[in-house]
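Chain V is already provided as a structure; the job is to place chain E on it using the hints.
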Amino acid sequence: MQTNSLEVHDLTVSYQHNPVLWNINFNVPAGKLTGIIGPNGAGKSTLLKAIMELTPVSGGYAKLFGKSLEKVRTRIAYVPQKDAVDWDFPATVLDVVQMGRYGNKSLFRKLSKKDEDIAVECLSKVEMLDYSDRHISELSGGQKQRVFIARALAQEADMYFMDEPFAGIDAASEKQIIDILLKMKEEGKSIFVVHHDLQSAIDYFDWIILINTRLIASGPISTTFTTENLKETYGGKLTLLSKLGQELKSKQFPIREEE
Amino acid sequence: MNFWEQLIYFFSFTDANVSNVLIGTLLLGIASGMVGTLVVLSKKTLIIDAISHSMLPGICIGFMLSGVKNPVYLMLGGMSSATVAVYLIAEISQRSKIKVDAAIAITLSILFSFGVIMLNVVQNSGNPNQSGLNDFLFGKAASMLRKDLYMFGGLCLIIFICLPVFFRHFKISLFDPIFAQSIGIKKYFIQSIISFLIIVTAAAGVQTVGIILISAMIIAPASAALFWTNNFRLTMIYAGIVGAGCSIVGVFISFLLPEMPTGPWIVVMLASVSILSVLFSPSGLLVKQIQIRKNKKSILRENVLKTVYKLKEKIKGKKKGISTEEVSNYRPTAIRKVRSALKHLKRKGLVIKGGDYWTLTENGVQEAERIVRVHRLWELYLQKYMHLPSNYVHNSAESIEHIVTPEIEQALAEVMGKPELDPHNQKIPYGK
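These protein sequences, in sequence, are chains V and E.
Taken in order, the first sequence gives residues 23 to 281; the numbers are from the working numbering.
Taken in order, the second sequence gives residues 480 to 911; the numbers are from the working numbering.
If we strip away everything but chain V, and leave its shape as in the complex, we get (with noise of 0.2 Å):
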């Protein structure tokens, strides 16, 4: 039998009463680069802010390897859209890195030399060694992103939910950074990512989640990425379901009933 990285059961999530997504259900085997896709606003990120306990669901959970993600936290490293954090706090590139260091030992302890050179180790791996002491508001957005990818490759985990990591940056680095996450999958990590892209998203990627309010399909990319199945994502919301939404929001019925 072949075992899921990740299990999600029945995932709805709500922003004050007006559901961003209903009853999501699917399962990734291991060791797979998944791209989460689906048009703006369809709940891409918000999905993976809830399998990471980010925000608030309203019912349904998420497994990762088998477990809740209590149990497994330090196999799991999650990179946030670029633009969630201050650019210009006072840290270098090489202070960003060792942060992800801090994802599996004890907050109140040093980083040991073994930490340090860990860090330096995954920023040569993206190409960023020689900006380590830069500060992190002289980096273009590319390369902020390499900053970010390295933090979490020093993390060493075994799943990575990334969000939207090819935004806003140049082709170069987008190249690089698909690079890097193949590289990845070939270990054996499983990797998330969120895109919205379709062109590139058949090169990249060899499961599909396509998610809109509500899930789609999710399966390996040659069954999953159909035309049928892109014209559902992109064919709108259905109306029903917006419109309930409205429903709710407007009345502040909750979306699951109180146990």
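Simulated from the structure, these hints should not be mistaken for laboratory data.
Errors might be hidden in some of the hints.
What the hints assert, rightly or not - Computed list of lysine to aspartate or glutamate pairs in DMTMM-like fashion (alpha-carbon distance at most 20 Å, straight line):
1) E:Lys523 to V:Asp108
2) E:Lys666 to V:Asp108
3) E:Lys665 to V:Glu92
4) V:Lys54 to V:Glu254
5) E:Lys522 to V:Asp110
6) E:Lys767 to V:Asp201
7) E:Lys522 to V:Asp108
8) E:Lys522 to V:Asp105
9) E:Lys767 to V:Glu160
10) V:Lys147 to V:Glu178
11) E:Lys523 to V:Asp110
12) E:Lys665 to V:Glu75
13) E:Lys666 to V:Glu160
14) E:Lys666 to V:Glu92
This is chain E only, laid out in the frame that chain V set:
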């Protein structure tokens, strides 16, 4: 006593009153600077004002309940009402349409008004102990006694323990709160600790600088420190040093001139350090202005050099050289500026003066040809790769020619090869 004797007396710790005040404000300066780093970087500076102002009703209640002016009761009261304020702000902004800034303003004004009303009640109550309670508004460092100092030291001790213990939590959460949560740092826990530290700092500070000015003590040192370093730890250390230094100066001024208030002087010193940082730090305004002026001058010089070269090209040896006036007319520039630019070029050995005429030296010719070459190559590049018509390329090249580094020039030459003519059919000089 003259100034120096007073200075020595001040720092000799022989006067118990002076040393109480000095130690107290010194500790406060360090603590508020360090805690301020957290607040400034979490971009929640407004909350400090809410916390300090809402301490007033708590202080009054503390006094009413105990009937004595014991700093422990007063501060416990103040810290409790400040905690209520933080809680209220969070609840209002999360549960209603009211945004955080409005929630802060509402909470601050309501609780402060309550405090002022209570202060009036207390002052008219006939309790003789109440005198001096209104010192909490503007602070009165000189009134600090030994028993105040113990409480003060206790509060600062809490801060000095929390900061190193949670240092990495703070650093990661303040830079990237979502990542921090993803590795298991509890968001509300860290936020609560930061709020708690602000409350403790404010409680320690109200007696010295007062409710109204304590926010300046917390915000100013960190804001100034951020101009001087790109390192989180150093920002915190610098902020502590700035806070301590300004506190000592403030206390010393009111020691020299007893009618002068301590708190406001500390804040004035802090403001001066902040303004100096904005102007004179490596990332400050003045450095930028100097750089802009330098660039302007070097552009002018290069243009003058180029003009001499071009005029020379035109007259083709008919005359001995080019006069200053000719340069100034060819490219409308004030003659005074042209003259000073030519003098500078002469010093660098790029031009020489014979009688009233200027000619280029060998180095001057080389440098002028380099500028003209970059200019014309760039025009060609724009035409070829950006598909600009030839009458649009000149202005861009005019500014680009001054900023092209040798590396970029080499890259440009590699891309373009060695074309003979520019888009205006002028020869591109390659030297020998």
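Evaluation of the provided hints:
1. E:Lys523 to V:Asp108: This hinted pair holds, its Cα atoms lying about 14 Å apart.
2. E:Lys666 to V:Asp108: holds (17 Å)
3. E:Lys665 to V:Glu92: Holds - the C-alpha atoms of Glu92 (chain V) and Lys665 (chain E) are around 12 Å apart, at most 20 Å.
4. V:Lys54 to V:Glu254: With a Cα-Cα distance of about 24 Å, the restraint between Lys54 (chain V) and Glu254 (chain V) is violated, given a limit of 20 Å.
5. E:Lys522 to V:Asp110: holds (12 Å)
6. E:Lys767 to V:Asp201: violated (40 Å)
7. E:Lys522 to V:Asp108: The hint holds at about 10 Å.
8. E:Lys522 to V:Asp105: holds (16 Å)
9. E:Lys767 to V:Glu160: Holds - the C-alpha atoms of Glu160 (chain V) and Lys767 (chain E) are around 16 Å apart, at most 20 Å.
10. V:Lys147 to V:Glu178: Within the cut-off at roughly 13 Å; holds.
11. E:Lys523 to V:Asp110: With Cα atoms ~16 Å apart, Lys523 (chain E) and Asp110 (chain V) stay inside 20 Å; holds.
12. E:Lys665 to V:Glu75: At roughly 11 Å apart (the allowed maximum being 20 Å), Glu75 (chain V) and Lys665 (chain E) satisfy the hint.
13. E:Lys666 to V:Glu160: Violated. Lys666 (chain E) to Glu160 (chain V) sits at ~28 Å, over the 20 Å cutoff.
14. E:Lys666 to V:Glu92: holds (15 Å)
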